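Colleague: Chain by chain, the residues:
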Amino acid sequence: MKRILGLLLVGLLLISLPTFAQTQSSTKKSPKPIQGKVVSLNEVATGNFQQWTKAEADTAVAHGTPFVFMVGTGSKAKIYFVLNEDGSFAGKKLAKYAFNKKVGIVGKTKVKNGLNFIIAEMIEAME
Amino acid sequence: MKTRNLIFLFIAVMFAITACEDNDNPVNPTDKPAAPTNLQATSKSNTSVLLRWTPSTSESNSNFDKYVLTVSGGVYPIQPFNINKGVSSVEVSNLIEGTIYTFAIVAKFTDGTVSDDTAKVQWSPATRFTRNQNDAPIWIYETASDYGSGLVIFDPVGDGPKSAKVSNGGVWNLGLDTRNGKLILASARLIDYNYNIQPGVTEIANDIYTVESLDDVFDSQALSSKGFAERSIDLTQFSSSFVIIVRFKQAGKTDYNYAKVLVKYKNGSFLQGTSPNRYVEFEISYQKVTGVPYAKVPAISQDIKINVNK
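In the order they appear, the protein sequences are chains X and U.
Residue 1 is where the first sequence starts when you use the numbering used here, and the numbers rise one by one after that.
Residue 1001 is where the second sequence starts when you use the numbering used here, and the numbers rise one by one after that.
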């Protein structure tokens, strides 16, 4: 019985260690804000970017438009999905910054299934 | 005959009782209640004003009935409000920001006699900001942070306060300087940051109120009556939250806009968070109408709702 339990524990460790290692290796934290601009996913898809007003962004997010964080411009631009610290999608919070020309996010970055994520600790306009 | 005697007896007894009451508690027609004093106001929001006063010394008189508050200054007549004895503060709502209302309170006896004097104050509601234009707390950051160390009290584009970086110094009102162990909050021009564009003049009144809330700073005179100058405040000299009154001219304006700024002290410090993004938090009461130091020129009004004892 003890032997079976021991084998089970070893098995569990073998399964969980790579996952943990993978999470650790792909997560980076910096006290320096990652700087970029808040854009809608629709804009990313079409390539047509607009200057949002507060009211327009509020309306868009109320209609379900997802907002993401774009670092860099053109073909080198990197798109981040921003998450709250509890893991929920922070698109609604991000939309409040859509009218700002530059936004800085402090948090951990993570790549999963080819998608970029930021687990945001602080979001602030940087103008 | 017996019935008639009884009626006479009843009338006689009633007369005696009435006469006794008059003699026990005489009302001299020349007696008048003392007026409440020290009426003060503060803006709770862009539609409401808080009033407080020192109660009438006649409240202990058994003939004291109530206070009557009149609100004037708008184009529409406003019915006076009755306020119960024992109440010494009210919130008057449904007002319009930038309109200077005259609030006047008299004391009244049960026989309708009112105090000779009237406690008066003129005030206007002003917008209260507890969040910045991004609907986040109003923070400005230590010098070492990549986030802004400057506070813009009101940005018309974003319709609220915001932080701003040194590279955008031209829009700063107040600035935070944490270089070399300092902890200074100052009129932006007094901080020797390497601004691209010099900030405009933001003046701070000489009175500093050590309070925990903007609701605790009452005045009886227009804010313009205070002594204003560009000032620097050493936050290390304070160990509690405080309120300063500031004024500045928005771009293109020739007159001042006024604001009250609460600087928050929490958990034994003004600086919150972790280095290098430590921040100071604020709440702001801002009069959006230029040239209105919370009390000056009357304009318009509408129906009034009053919430007694709020």
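If you're looking for bench data, these hints aren't it; they were derived computationally from the structure.
Remember, it's a predicted structure, so these values are computed and weren't measured experimentally.
Keep in mind that a hint or two might mislead.
Cβ pair distances, simulated, as ranges [as the list claims (entries may be wrong)]:
| # | chain 1 | residue 1 | chain 2 | residue 2 | range |
| --- | --- | --- | --- | --- | --- |
| 1 | X | F49 | U | R1131 | 23 to 31 Å |
| 2 | U | N1180 | X | H63 | 32 to 40 Å |
| 3 | U | N1084 | X | Q51 | 53 to 61 Å |
| 4 | U | G1252 | X | T59 | 50 to 58 Å |
| 5 | X | Q35 | U | G1170 | 18 to 26 Å |
| 6 | X | T59 | U | D1116 | 55 to 63 Å |
| 7 | U | Q1221 | X | H63 | 43 to 51 Å |
| 8 | U | T1274 | X | K101 | 21 to 29 Å |
| 9 | U | G1181 | X | T73 | 22 to 30 Å |
| 10 | X | K112 | U | E1212 | 56 to 64 Å |
| 11 | X | K112 | U | G1181 | 40 to 48 Å |
| 12 | X | G87 | U | S1088 | 48 to 56 Å |
Derived EDC-like pairs: lysine to aspartate or glutamate, alpha-carbon spacing no greater than 16 Å straight-line [said to hold, decoys possible]:
| # | chain 1 | residue 1 | chain 2 | residue 2 |
| --- | --- | --- | --- | --- |
| 13 | X | K54 | U | E1142 |
| 14 | X | K32 | U | D1155 |
| 15 | X | K92 | U | D1155 |
All C-beta atoms in this analysis are idealised placements derived from N, C-alpha and C, irrespective of residue type, glycine included.
Colleague: Please go over all the hints and tell whether each is borne out by the structure.
Modeller: Do the hints match the structure? See the list:
| no. | hint | verdict |
| --- | --- | --- |
| 1 | X/F49 x U/R1131: 23 to 31 Å | 27 Å, holds |
| 2 | U/N1180 x X/H63: 32 to 40 Å | 50 Å, violated |
| 3 | U/N1084 x X/Q51: 53 to 61 Å | 55 Å, holds |
| 4 | U/G1252 x X/T59: 50 to 58 Å | 29 Å, violated |
| 5 | X/Q35 x U/G1170: 18 to 26 Å | 21 Å, holds |
| 6 | X/T59 x U/D1116: 55 to 63 Å | 57 Å, holds |
| 7 | U/Q1221 x X/H63: 43 to 51 Å | 49 Å, holds |
| 8 | U/T1274 x X/K101: 21 to 29 Å | 27 Å, holds |
| 9 | U/G1181 x X/T73: 22 to 30 Å | 39 Å, violated |
| 10 | X/K112 x U/E1212: 56 to 64 Å | 45 Å, violated |
| 11 | X/K112 x U/G1181: 40 to 48 Å | 42 Å, holds |
| 12 | X/G87 x U/S1088: 48 to 56 Å | 50 Å, holds |
| 13 | X/K54 x U/E1142 | 27 Å, violated |
| 14 | X/K32 x U/D1155 | 25 Å, violated |
| 15 | X/K92 x U/D1155 | 22 Å, violated |
The structure does not agree with the numbered hints 2, 4, 9, 10, 13, 14, 15 stated previously, though it agrees with the rest.
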